[in-house]
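Let the hints inform the model, and build the full structure from the sequences given.
What follows is each chain in one-letter form.
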Amino acid sequence: MRGAVVPGVLRALTMRSEMESSYELLDHTADLGVRVTAPTLTGLVPPAVAGFYATLGRIVPQPDLAPSDDFTFEAAGDDPAVLLRDLLAELLHRFDTRRQVLTDALVSEFSATRLAVTGRLRPLDAARSAPAREVKAVTYHELGVRPVPGGYEATFIVDI
Amino acid sequence: MSPKHPVPLERIDACRWRIPKSYQPGMRVDGLIYADDALIADIQKDQAPVQVANVACLPGIVKHSLAMPDIHWGYGFCIGGVAATDPEEGGVVSPGGVGYDINCGVRLIRTNLTRADVQPRVRELVDALFETVPTGVGRGGQVKFGRADLKKLLAGGSRYVVNEGFGWEEDLAVTEAGGCLERARPEYVSDRALERGADQCGTLGSGNHFLEVQVVEEVVDRTAADAFGLAPGQITIMIHSGSRGLGYQVCEDALKDLRDVPRRYGIELPDRQLVCAPVHSNEGQRYLGAMQAAANFAWANRQIMTHLARQVFARVFGRPAEALGLHLVYDVAHNIAKLETYEVDGRPRALCVHRKGATRAFPAGHPELPEQYRAVGQPVLVPGDMGRSSWVLVGNPAALDETFGSCCHGAGRVMSRSAAIRAAQGRSIHKELLARGVFARARERTGLDEEQPEAYKDVSLVAEVVHRAGLSRKVARLRPLGVIKG
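Protein sequences appear in the order of chains H and Y.
If you read the first sequence in this note's numbering, its first letter stands for residue 8, the second for the next number, and so on.
If you read the second sequence in this note's numbering, its first letter stands for residue 102, the second for the next number, and so on.
Note that these hints are calculated values from the structure, not bench results.
Please read these numbers as outputs of a predicted model, since none were measured by experiment.
Glycine residues also receive a C-beta, built at the ideal position from the N, C-alpha and C atoms.
Among these hints, one or two may not hold up.
[Unchecked claim] Here chain H is said to cover these stretches of chain Y; the calculated rule only asks that three of the stretch's residues, wherever they fall, bring their Cβ under 8 Å from a Cβ of chain H: (1) 213-223; (2) 370-383; (3) 392-400.
[Stated by the list, open to error] A short list of chain Y residues far from chain H (calculated; beta carbon distances all over 10 Å): (4) 202; (5) 466; (6) 538.
Right under this line is the structure:
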């Protein structure tokens, strides 16, 4: 299923990305997979975040005027797939415990060894959202970031 | 996603298939899958057999990497997998062998109500359960625990909440491990996990979790059914849930903490979701301590929901729960790792038994069974889909010999969630269930669509395999009348 853009989320997430990017939900017997493609590593992050929120259901943050928190994520390591997973795990924790959604994201660096993202965490707009699934975790199974013709591809599976 | 490469399956008999350890470098033992011809065809459609082979690579694994007939593709371990490792031979514990929903499990409560008592009021009953037992994404519980009390709950499990008034003393005897793993270490549970689970004790959750009102439709083994207090036409309640956000975060924390551990101990793994640590290592002990605390949370969770269900039945039928005979039959975990002793190669060995979507199934005479079941064996609770049936089985001696006292845990999915949603388009699963005599309530339509009966194997086929294989035997078949879901 080719992902529909989540209003408000992907608007903010894609505005700073410099290329066409997309996410796709993948069949998995019990859970849900996400595959994203982009011309650059940095460009993988916005659709990965949008794809992650899509696994939760229809997730819409409150408008810009609503109170929000700063979000800063920095991680270093030796595997870009794990760095991306850690970002998504952090977003899951914020959503699960505080019902906050990332907007206005700026991916300042995504390399083989470092991921840095800033943005705003806005409250979930309960009236316009329809969370449909409880995602337990972003798993390591089938997790990957790899070069493909024309750019990069990332895959991850969430446990439902 | 489809299978990457075919896994060779050698037929042993009508219910057993071997994956030879020659299939993949690093396999220390053979894989062994319990399935008949019909189920093995479904099992080969996804990557579950590959995962059985991957688990066979874990250090210290004993006898076989096992898979029950309800196996399906998971992450790391398949769902329906069993693996025992010997700590004295470098055996490891792997959080992936337990899963994120630590001590996800099932409990069955019997009543002295009959179908005739309940059928006319099933909508009223299900509506009341739906309003009283919190269900769905992000729903917090009615019962709030402060941080200090939460730590006591993590140490005490069911015992703690029964002492707080959420249940009856007799419930503890018929809960696996008495509803409390004594070696739990609440101090190893992170603040993030406490935050995630703070208001979720006593909540059902979503996904495949449910609370069902059922009727005993068929009794196969009269002796065991009598011991379990089950008879045809009787109403039962089944609850399926786990450790909620707290358990998910304990697993998440462990997988992160253990990332570099295999490299440190020279362990090579075919899937990083199988990350692990030697049982005797500090890292392994730390995970086991936190995991056992999360398991205690799950038992407390199901215990509180039992209390809420008893309150609802008492309110709807105008009689105290005691007068309605709302006795717990049994509560069993199906996502857990436990240290248990088995005779292997002629000598007793204390093993770390991982059950990931597999139910403990101890036979008659086992010392861990409560007195009232010691003559017949442990109730094995096998929930099915919400349109067909669930089974109560009883453990057999063969389970101790072959599967480290383990058996199947459910129906097992055959349809992905996306495929289930596509299949539900233009249909009303709610109305289809009504036509089958099942009144269902769910917070979201997707909850029913993704969990529609056709998304699962027929649990009766699964029960038939373990019955024929001799791991457990059939006792009673239960049919849903009402269900609440997330």
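Each hint tested on the structure:
no. : hint    : in the structure
1   : 213-223 : violated (count 0)
2   : 370-383 : holds (count 4)
3   : 392-400 : violated (count 0)
4   : 202     : violated, 6 Å
5   : 466     : holds, 36 Å
6   : 538     : holds, 27 Å
Of the numbered hints stated above, those contradicted by the structure are hints 1, 3, 4, listed in ascending order.
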